[in-house]
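J.: Positions 599 to 660 (the numbering used here) are the ones given, in order, by the sequence shown.
Just so you know, not all the hints are guaranteed correct.
Claimed, not checked - Taking lysine-lysine pairs in the DSS-like style, the calculated list, with each CA pair at most 30 Å apart, reads:
{"hint": "1", "residue 1": "Lys635", "residue 2": "Lys604"}
{"hint": "2", "residue 1": "Lys635", "residue 2": "Lys654"}
{"hint": "3", "residue 1": "Lys639", "residue 2": "Lys604"}
{"hint": "4", "residue 1": "Lys604", "residue 2": "Lys654"}
{"hint": "5", "residue 1": "Lys609", "residue 2": "Lys639"}
{"hint": "6", "residue 1": "Lys650", "residue 2": "Lys635"}
{"hint": "7", "residue 1": "Lys650", "residue 2": "Lys609"}
{"hint": "8", "residue 1": "Lys609", "residue 2": "Lys654"}
{"hint": "9", "residue 1": "Lys635", "residue 2": "Lys646"}
{"hint": "10", "residue 1": "Lys609", "residue 2": "Lys635"}
{"hint": "11", "residue 1": "Lys609", "residue 2": "Lys646"}
{"hint": "12", "residue 1": "Lys646", "residue 2": "Lys604"}
{"hint": "13", "residue 1": "Lys604", "residue 2": "Lys650"}
{"hint": "14", "residue 1": "Lys654", "residue 2": "Lys639"}
{"hint": "15", "residue 1": "Lys639", "residue 2": "Lys650"}
What the hints assert, rightly or not - The calculated label-pair distances, taken between Cβ atoms and stated as ranges, are:
{"hint": "16", "residue 1": "Pro624", "residue 2": "Tyr657", "range": "30 to 38 Å"}
{"hint": "17", "residue 1": "Leu660", "residue 2": "Lys639", "range": "27 to 35 Å"}
{"hint": "18", "residue 1": "Asn659", "residue 2": "Glu622", "range": "26 to 34 Å"}
{"hint": "19", "residue 1": "Ala658", "residue 2": "Pro624", "range": "28 to 36 Å"}
{"hint": "20", "residue 1": "Gly607", "residue 2": "Ala658", "range": "29 to 37 Å"}
{"hint": "21", "residue 1": "Gln643", "residue 2": "Lys604", "range": "17 to 25 Å"}
{"hint": "22", "residue 1": "Thr629", "residue 2": "Lys609", "range": "15 to 23 Å"}
I should point out that these hints are in silico values taken from the structure, not numbers from a laboratory.
As the structure is a computational prediction, the values presented were derived from the model and not from experiment.
Ideal Cβ positions, reconstructed from N, Cα and C, are used throughout, including at glycine.
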Amino acid sequence: MIELTKLDGVKFLINEDYIETVEETPDSVVTLSSGRKIIVKEGRQEIKNLVKSYRKDIYANL
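Kindly generate the complete structure, drawing on both the sequences and the hints.
T.: Shown next, in the form of structure tokens:
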């Protein structure tokens with residue numbers, strides 16, 4: 599799971615496997631496979647880096 603921040607400052611964990619798309623419009627909108635959309639403070643590239651880092655960590659520990 600990766601940690602993101604809602605616009606009101608609330609931090610939450612999200613399973614990165616459920617992320618369908620991330621758009622910057624200019625706020626970052628994360629769309630989940632369920633269709634739910636969450637607006638977050640982190641930018642598209644930062645979210646991408648968080649997912650890559652998380653997956654590298656997971657696969658390094660197999």
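J.: Take the hints in turn and mark each one as holding or not.
T.: Do the hints match the structure? See the list:
no.	hint	result
1	Lys635 <-> Lys604	11 Å, holds
2	Lys635 <-> Lys654	26 Å, holds
3	Lys639 <-> Lys604	6 Å, holds
4	Lys604 <-> Lys654	25 Å, holds
5	Lys609 <-> Lys639	10 Å, holds
6	Lys650 <-> Lys635	21 Å, holds
7	Lys650 <-> Lys609	19 Å, holds
8	Lys609 <-> Lys654	22 Å, holds
9	Lys635 <-> Lys646	17 Å, holds
10	Lys609 <-> Lys635	16 Å, holds
11	Lys609 <-> Lys646	17 Å, holds
12	Lys646 <-> Lys604	17 Å, holds
13	Lys604 <-> Lys650	20 Å, holds
14	Lys654 <-> Lys639	23 Å, holds
15	Lys639 <-> Lys650	18 Å, holds
16	Pro624 <-> Tyr657: 30 to 38 Å	33 Å, holds
17	Leu660 <-> Lys639: 27 to 35 Å	32 Å, holds
18	Asn659 <-> Glu622: 26 to 34 Å	32 Å, holds
19	Ala658 <-> Pro624: 28 to 36 Å	34 Å, holds
20	Gly607 <-> Ala658: 29 to 37 Å	31 Å, holds
21	Gln643 <-> Lys604: 17 to 25 Å	19 Å, holds
22	Thr629 <-> Lys609: 15 to 23 Å	20 Å, holds
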